[in-house]
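K.L.:
Chain by chain, the residues:
2 protein chains.
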Amino acid sequence: MEEKPLILITNDDSISAKGIAQLVKSMQPLGDIVIVAPDKPQSGMGHAITIHDPLRLKKSNQFPGIEAYTCSGTPVDCVKLAIYEIIKKRPTLLVSGINHGSNAATNVLYSGTMSAAVEGAIEGIPSIGFSLLDHSSDADFEAAGHYATIIAKSVLENGLQSGVCLNVNIPKGKKKALKGTKICRQGRAFWEDSFDKRNDPFGGEYFWLTGKFTTTDKGEDTDIWALENNYISIVPTQFDMTAHHLISSLNEWDLKK
Amino acid sequence: MEEKPLILITNDDSISAKGIAQLVKSMQPLGDIVIVAPDKPQSGMGHAITIHDPLRLKKSNQFPGIEAYTCSGTPVDCVKLAIYEIIKKRPTLLVSGINHGSNAATNVLYSGTMSAAVEGAIEGIPSIGFSLLDHSSDADFEAAGHYATIIAKSVLENGLQSGVCLNVNIPKGKKKALKGTKICRQGRAFWEDSFDKRNDPFGGEYFWLTGKFTTTDKGEDTDIWALENNYISIVPTQFDMTAHHLISSLNEWDLKK
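Note that the protein sequences, when read in sequence, are chains P and B. Here the working numbering is used: the first sequence runs in plain steps of one and ends on residue 257. Here the working numbering is used: the second sequence runs in plain steps of one and ends on residue 257.
None of the hints are false.
Heads up, the list lumps identical chains together, so a pair's fine if it works in one copy or across two of them.
Result set (SDA-like, lysine to any residue): computed pairs, CA atoms no more than 20 angstroms apart in a straight line:
| no. | residue 1 | residue 2 |
| --- | --- | --- |
| 1 | Lys218 | Gly163 |
| 2 | Lys18 | Asp138 |
| 3 | Lys40 | Thr50 |
| 4 | Lys40 | His52 |
| 5 | Lys88 | Glu123 |
| 6 | Lys212 | Glu192 |
| 7 | Lys197 | Glu85 |
| 8 | Lys175 | Ala139 |
| 9 | Lys4 | Asp32 |
| 10 | Lys4 | Lys88 |
| 11 | Lys172 | Ser137 |
| 12 | Lys59 | Lys197 |
| 13 | Lys40 | Asp53 |
| 14 | Lys89 | Ser194 |
| 15 | Lys89 | Gly211 |
| 16 | Lys40 | Ile51 |
| 17 | Lys40 | Pro54 |
| 18 | Lys89 | Gly124 |
| 19 | Lys218 | Tyr231 |
| 20 | Lys172 | Trp225 |
| 21 | Lys218 | Glu123 |
No lab work stands behind these hints: they were computed from the structure. Since the structure is predicted, the reported quantities are computational estimates derived from the model, not experimental observations.
With the hints as extra help, turn the sequences into a complete structure.
P.N.:
Okay, structure coming up:
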């Protein structure tokens, strides 16, 4: 009998988020599940790892009948602990999310959800990050969960090229309103930040980071376009950040000592 | 008279690290300097931003005669605060480092130093991250500083294509032992992690993340190879993480609902 796939599930909104509960439900038909998720929200942690503090790991009863742990660290810490300390091997598949909020375009860089998937790719594991374009803690994850199963099943069947994971973003709304999936490139965008300056009760100044997501990328092949047009965006995402096309022109520079 | 370039300096080892002091010294001949650096070590913070906590920003006297600030957040927070709150414009150049320790190969993803440079690139600023292959707090930064001036000067003269920054790593050792610069691709590597498991005085279990940097990438065009052979490695690094070469094959997948 063929062994069932072992699916590692993590996220960045913590083990108690609605999004990870949906992801667990969506992965259950596909294999055996192990969950290692942060014990508190870790949004915006990017590819951070914990090196100046010790990590705590606890068994969790959040999902009865499923092996689950919480970790005091970041999503990338969760992946490392899962592989090297808990299951002590590479899982068949790693899925992260479903994130409460978009990780499209340049958000991939700030995203704990996607950094967990990128870490999976570095470790040679077929990995997918899922995000729903709804920050609400009570968001409706039904359509996202439906597509999570379809896409994860395809990755199990087709595999993923080494060095690549998938960044999947799902528009808000009911399943019937969605137009299906679209393979995209990462849209060019940035956060036009602003800082909300306040004073604490003791007169000390502090800032809250806020911002407006801004793009001038009008391409119809981007995840931004797909999501605006009610498609689920799928961006093949690699951890090789080399701008290969610039190597030859940089070789023209005179950098002699 | 031509205006002097405005150079924003940050790092991840904190404003009191030896590496940033060298970088300040190396940039002084090239333009006017503003420093915004973390108030404590922020190594391994990757592209993390602070969204669940307020940020503190303080004037610093660390470098007499130079406008300098410390920030309670991550290196990326420092860049955002610098651009949107302090200088309220894009600087001519952003330099980050000089990091105490390598940011070559996949370390670029975990690195706060390089994430600050990548954030600069997202903001459209020519940006460079510098790292010395020596973790010691008292490392000898002289050779690294020499090349930092040369490379930053070249970027000011030649510019950098939009969407790209430079990841510069410098081998440990004296200037005369170095063979010069080499334009490289990011080497494929990963951390074979292990966790040092301990018990606190109250019986609670905790872990320290440790690991062994591991590569099977034998290419002579990688930063790993260059550094092992005593070259300064320069990797043009982009924030577009799309695996463009996979878009057409993923379009073959059947992902219909």
